[in-house]
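Chemist: Respectively, the protein sequence lines represent chains A and B.
All residue numbers for the first sequence refer to the numbering used here, where the first residue is 1 and numbers rise by one.
All residue numbers for the second sequence refer to the numbering used here, where the first residue is 153 and numbers rise by one.
Please keep in mind that the hints were generated in silico from the structure rather than gathered at the bench.
Remember, it's a predicted structure, so these values are computed and weren't measured experimentally.
All the pointers check out, no bait thrown in.
Calculated Cβ distances over 10 Å to all of chain A for the following chain B residues:
(1) Ser198
(2) Ala252
(3) Leu273
(4) Gly276
Part of the chain B face toward chain A, derived, beta carbon under 8 Å:
(5) Gln177
(6) Asp184
(7) Ala186
(8) Ala223
(9) Asp224
(10) Phe265
(11) Tyr266
(12) Ala267
Glycine included, each C-beta is placed from N, C-alpha and C at the ideal position.
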Amino acid sequence: MKRLALAALGLFLGLSSALGQTSITQYGSRLDSTNAVAVGTNFNTVNQQAVATATSQAGLYVYVTGIDIELCGDATGTAATNTNFTSTGISGTPSWSFSATTGTTAGTCQRIGDNFAIPLRSVNPGTNVVVTSPTAQTHTAFGIRIFYYLAP
Amino acid sequence: MRKPLIIALALLGALGSAFGQQSVQQTAKRLDAATAVAFAQAAVGSNSTATITVPTGQYAYITGVSMDTCADGTGGTALTNLNYTSTNIQSTPSWSVSFAGTANTCATPIREFYATPLKSLVPGTAVTVVSPTVGTHNQSTIRVYYYLAP
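Could you put the whole structure together from the sequences, leaning on the hints where they help?
Modeler: Here it is as structure tokens:
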């Protein structure tokens, strides 16, 4: 009788534990997944320049899987005219451009940037990838995220 | 007594170093990663052309295209059913844009990123993506992500 009760208790505990757990996908480690995010300095802080740096290591490339750029005004906002976020460490040194009206107020942000299905490799191994916002703008906050992984 | 202390210190150092470092993905070099960007941004009022220069015997493999069209502080140049056009891609696809051209605003960004790369048509021939005539108070920016291979 005692043995039966113990078995029932064990079964109950096992079931509760299984129900409370997230199931784990039976799959190998994904070796090309993004495993790092370089977040820009002064994130979402008005009147500050932002710089995001994906730091490389000797002999390794930065594989960029996405670049997200945000700019949000405060309650006052400032106009921006044909302004650019620039990059280094990428062949062709692309920029991302935007214009914004004085109506850029709290709750209205612009989001630009590129998210890649196939990663973008840095120009040289051991070279950082850097995305830099325009110079500080009154009443405007910048946000940058570089999604990446390092590999040969 | 001294030896265990040294081992403990070494272990602590190694752990600290491991936590402080960006982990490296244990994968082989990705040979189909985009390795360059054909970037073009002409001055306000001028048209932009992004060009991939393709060496003899090679193709451009395009992994994505991305275009922005933004007005300057004056604005007032509307764009109606215009197109970004391409050369040396099968069927010469275009990407459409309409834009009110209001001062300090941008058109809806164009973003296309391919799960499998788009191969250029003729080997050794440049691929171009050309903006429409943007008018006096607009500026276009083009990014074409690619790599070169046989």
